[in-house]
Amino acid sequence: MTTSSTTASSTGSSTARPLLQTRGLTMRFGGVVAVDHVDFTLQERELRCVIGPNGAGKSTFFKCLTGQLVPSEGDVLYRGTPIAGSGSHRIARLGVGIKTQVPNVFDGLSARDNVWIAAAKVAPGRAAERRTDEAMARVGIAAIGHRLVGQLAHGQRQLVELAMVIAPEPDLILLDEPAAGMTDEEVDRLVDLIAELNRSHALVVVEHDMQFIRRIARIVTVFHQGAVLIEGGVAAILTNEQVRDVYLGKQAASPPHASRGEVSAQRTEGS
Amino acid sequence: MDYLVILLLQIGSAVASLVLMSIGLAVIFGMMRVINLAHGEFLMLGGYAAITAFNHGVNLWLAMVVVAPLAVGLFGAVVERLVIRHLYGRLIDTMLATWGLSLAMIGFVTVVFGNTVSGISAPLGSLSIGAYRTGAYEIFLIGVAVLLLVAGWLVLRFTRYGLIARGTMQNPAMAAALGTNPSAVYAVTFAVGSALSGLAGGLLAPLSGVVPTIGAAYIAKAFITVISGGAAILSGTAIAATLLGAINTLATFAFTSVLGEVALLVAAVVLLRLLPQGITGRFFRRAL
Amino acid sequence: MKAGRVKAGPVKAGRMALAGNLAVLAAGLAALFGLPAFAETYLIINSTIFAAFAILALSLALIWGYAGILCFGQAAFFGLGGYTYAVAAINMGETTLPALMAVLLPALFAGLLGYFMFWGRISDVYLGVITLTVSLIFYRFVNQTAGEQWNIGDAPLGGFNGIPSTPILNWPGRAGDQLAPEDIFALSVGLLLAVYFGCKLLLATRFGRILVAIRENETRAELLGYDVRLYKLAIFMLGGAMAGLSGLLFANSVFVSPTMFSLPVSGQIIIWIIIGGLGTLIGPVIGCILMQVLTNWLGTVSQIKGFGWVDPNLVLGVLLVIFVLLVPRGLTGLAAGVWSWLKGLANRAPAERSATREQTDP
Ligand SMILES: Nc1ncnc2c1ncn2[C@@H]1O[C@H](COP(=O)(O)OP(=O)(O)OP(=O)(O)O)[C@@H](O)[C@H]1O
Ligand SMILES: [Mg+2]
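Residue numbers (this note's numbering), protein chains in the order written: chain Y, 3 to 273; chain R, 13 to 300; chain B, 2 to 363.
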């Protein structure tokens, strides 16, 4: 938290500089290019949705941002500080929280202990307890605090993880398919929560559920085969033909559309 | 000049015994991700099988090359059925259970054969190179090690079993999807790995003799060679054995045989720190 | 009804834990004051060894059971503690400082080794290989230290014979005024109790809770901002210190020899923990004492004619396989399972009755 204020003052204005910026970010696994020269910019307190078919590289992109993977190429700047290749814990301390696609929770601990571990990183003693209770109340899991997380349903585990992510109040929140496995009620609460969180935090949300995207999104970035296919307002994106083709599994660069996107044309050549 | 030849022969012999000691473990670890901590006792059993058969009038070569692998291979098949099968995918638990197995085998063999050293003298006599003499049997073992590696390569490269084995190595789920039954592949692999350990135990028996507790001397070196070698069964084992065997021999020549072993162990620790995935985890990834 | 159980849960669990702690304390104090009253010196010394081993069991129970670090070479720290003490005590005469060194040096060595392993991000199995290898290095090295050239100051390392002249602890500040076997026994049991409750306290602190979280999910802990390596290093060093302490006590009831570094010692600790129950503190202590009693007993029985087949290795090995396959949570887990099964039986009867009443009610 202190880091953010010092870096902010050193450059003078914080509005001009984005919260997060990637330049040419690339991640290769042997021959597979999972993330391909991605330039991505996120302003302070922005809410961005990221969509893309299975295997488009969304989760890998998140892993590069949070230090779980060291990118093969390119930069990641967090408030101007390069963080590509830093350890996960360093990046987390700068104020980046992530809910991963496969829930990463402490299965052998109670739900409350899970959230407490998250809160205790940034707050001592009683303050940690208070933050824990607050986060659990916000997410709506106060009633299951004593249950072992390993025994909870998938949706509830997601909620526990969400509470863990927000308990330290990170400046940037990354959510990878947060609505998966949730009941309609839980999804409703999630939508409200995201809106509320967005008042003071920047968020990047990856989701496959278009209904959900429609309810929360303003700007959407579409990933396809590791690269950014297109970026724009939610209404335009969701009606975009190219995006639909990509989702339906057609080759985006098949002859009728070849003229439309250079990026996708290159992709097919490459693969 | 003669000195150099002897030194090279010693290195070759050290490398060969490392290869022999670890090949069975490597096959089982490489293909099944199972670490058999009773591996040393499998070798011990091979040694006892060979010696017992020899004492009952079986030809020495037959005892070492046929009886020992057969006996230990069968034993391995039983162990796979009773213990290993129930623990697939639980690496640590397999290590613990096979550790228990190793203790039980030591105990059992002690009860049956007593806690004394038995031995057979090495066949083939000795060779002289200039002013030095060396056992011809050691040179024979170098040949066997090379033969085993080449045979292993041929099997993996050209046979149907090799194809299935390579598939299973890379991706067990995919092999299952292709219609081969992974549990059958595992059972065969474990038996083959055990038989190789039995063969090694039989062949090494004339050099080291056998005691119920001799497994401890084998397991550490085998374990270290295999892990340092990394994912590729044959090339990993060969490279790691060459590296560690050379270091061992050179340090033995320079200091004492114990310090030679210490040097081997230190080298392995440093190697693992630098290449946590083993040598073939970093280099020669496509190798077998 | 549900809310009621939520509140009752922790309170009841707290009461159970308190009862458990009191029971352990009572057992420890009973041994501490009861045993010397009637037991012969032989039994006292044997019990001292048990207490020393129990501390060794706790050292691995802590780092494996609570931090998820499976060290296959805990014997390295055990032996290092013993040898450090023996060598320093022979050279210095007065034993207080050597005793401290016997705890500190293994801790420092664990720090060095831990730095090497945890900063290299070495995974479970590889960690097992490295720790095992390190203990083997010690074993091989110390085994060949017979002869003058291996003297450290006045202390001969003695090769495979060890140092039979390992000095006994003296009262602090009074060199030569040695502790009697009863005193060493009291010291060992006292230290065992201190270490046991120390571990309990540690696990209740923020540090301890985070450690368990790291065991549960290292990635999540990292993503929350914890530097996992530091936590692992700290607990690994503490485990090294505890094993060193155990080596010191062992050196005072037997003497130091290379077997302290050997594979069977490391293996034994793992067996104690598996039999007693991984992830608990009391389990490994119970496992240790049971197994030691069993091994000693088997050792005597197998000498009797006709019972030669009762080889301790055979029995221990079979037990280990059976526990891994069938009782993975060890004796404490088994006991907890039986206990909750009994409670379920006891609860079911009234519950069934009330269920039938509810059905007939409307
Ligand atoms: N560790 C890895 N090793 C090799 N390939 C990987 C690895 N992780 C991801 N990949 C590959 O990278 C590509 C992108 O995967 P990623 O999980 O990022 O996709 P995604 O967009 O999150 O998909 P989904 O919507 O299914 O979650 C895939 O082809 C995947 O197989
Ligand atoms: Mg994904």
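In short, the hints are calculated from the structure, not lab data. Some hints could be false.
Just a few of them, taken from the derived set where beta-carbon distance is under 8 angstroms, the chain B residues facing chain R [unchecked claim]:
| # | residue |
| --- | --- |
| 1 | L71 |
| 2 | L113 |
| 3 | F117 |
| 4 | V130 |
| 5 | V135 |
| 6 | I271 |
| 7 | W310 |
| 8 | N314 |
| 9 | L315 |
| 10 | V328 |
| 11 | L332 |
Simulated restraints on C-beta separations [claimed, not checked]:
| # | chain 1 | residue 1 | chain 2 | residue 2 | range |
| --- | --- | --- | --- | --- | --- |
| 12 | R | S133 | B | L180 | 52 to 58 angstroms |
| 13 | R | F170 | Y | H210 | 53 to 59 angstroms |
| 14 | Y | A155 | B | L23 | 57 to 63 angstroms |
| 15 | B | L180 | R | N127 | 34 to 40 angstroms |
One side only, chain Y facing chain B, incomplete, derived with CB under 10 angstroms [said to hold, decoys possible]:
| # | residue |
| --- | --- |
| 16 | I85 |
| 17 | A86 |
| 18 | G87 |
| 19 | G89 |
| 20 | S90 |
| 21 | R95 |
| 22 | L96 |
| 23 | G110 |
| 24 | I119 |
| 25 | A122 |
| 26 | R128 |
| 27 | V167 |
Predicted model, so just to flag it, every value in this text is computed and none were measured. Every residue gets a Cβ at the ideal spot worked out from N, C-alpha and C, and that includes glycine.
A quick look at each hint next to the structure:
1. Given hint, B:L71 at the interface with chain R, holds; its Cβ is 6 angstroms from that chain's nearest Cβ, closer than 8 angstroms.
2. Among the interface hints, the one on B:L113 is violated; its C-beta lies about 12 angstroms from the nearest C-beta in chain R, farther than the 8 angstroms criterion.
3. Interface restraint check for B:F117: the shortest CB-CB distance to chain R comes to about 6 angstroms, inside 8 angstroms, so the restraint holds.
4. Among the interface hints, the one on B:V130 holds; its C-beta lies about 5 angstroms from the nearest C-beta in chain R, closer than the 8 angstroms criterion.
5. At about 7 angstroms, the closest approach between the beta carbon of B:V135 and any beta carbon in chain R falls short of 8 angstroms, and the interface hint on this residue holds.
6. The interface hint given for B:I271 holds, since its Cβ lies 7 angstroms from the closest Cβ of chain R, which is under the 8 angstroms cut-off.
7. Interface restraint check: B:W310 against chain R, minimum CB-CB distance 5 angstroms, threshold 8 angstroms, status holds.
8. A distance limit of 8 angstroms between C-beta atoms decides the matter here; for B:N314 the minimum to chain R is near 3 angstroms, and the interface restraint holds.
9. The beta carbon of B:L315 comes within 3 angstroms of a beta carbon in chain R, closer than 8 angstroms, and the hint placing it at the interface holds.
10. Among the interface hints, the one on B:V328 is violated; its C-beta lies about 12 angstroms from the nearest C-beta in chain R, farther than the 8 angstroms criterion.
11. Interface restraint check for B:L332: the shortest CB-CB distance to chain R comes to about 16 angstroms, outside 8 angstroms, so the restraint is violated.
12. As the Cβ distance of R:S133 to B:L180 is approximately 54 angstroms, the hint placing it in 52 to 58 angstroms holds.
13. Here the CB-CB span from R:F170 to Y:H210 is close to 45 angstroms, at odds with the stated 53 to 59 angstroms.
14. With their beta carbons about 38 angstroms apart, Y:A155 and B:L23 fall outside the hinted range of 57 to 63 angstroms.
15. The hint said 34 to 40 angstroms for the Cβ distance between B:L180 and R:N127, and at roughly 36 angstroms that hint holds.
16. The interface hint given for Y:I85 is broken, as the beta carbon of that residue sits about 13 angstroms from the closest beta carbon of chain B, more than 10 angstroms.
17. The criterion of a C-beta within 10 angstroms of any C-beta in chain B is not met by Y:A86, whose closest approach is roughly 16 angstroms, and the hint is violated.
18. Annotation: interface hint on Y:G87 violated; nearest CB of chain B at approximately 14 angstroms, more than 10 angstroms.
19. With a cut of 10 angstroms, the hint placing Y:G89 at the interface with chain B holds, because the nearest CB-to-CB distance is about 7 angstroms.
20. Because the beta carbon of Y:S90 sits about 4 angstroms from the nearest beta carbon in chain B, less than 10 angstroms, this interface hint is met.
21. Hint status for Y:R95 relative to chain B: holds, with the closest Cβ pair at about 5 angstroms, below 10 angstroms.
22. The criterion of a C-beta within 10 angstroms of any C-beta in chain B is met by Y:L96, whose closest approach is roughly 9 angstroms, and the hint holds.
23. Because the smallest distance between the Cβ of Y:G110 and any Cβ of chain B comes to about 5 angstroms, under 10 angstroms, the interface hint for this residue holds.
24. Here the hint on Y:I119 is kept, as its CB sits about 5 angstroms from the closest CB of chain B, short of 10 angstroms.
25. This hint holds: Y:A122 has a C-beta 6 angstroms from the nearest C-beta of chain B, less than the 10 angstroms allowed.
26. For the restraint placing Y:R128 at the interface with chain B, the shortest Cβ-Cβ distance is roughly 12 angstroms, beyond the 10 angstroms limit, so the hint is violated.
27. Of the supplied interface hints, the one on Y:V167 holds, with its beta-carbon coming within about 9 angstroms of a beta-carbon of chain B, less than 10 angstroms.
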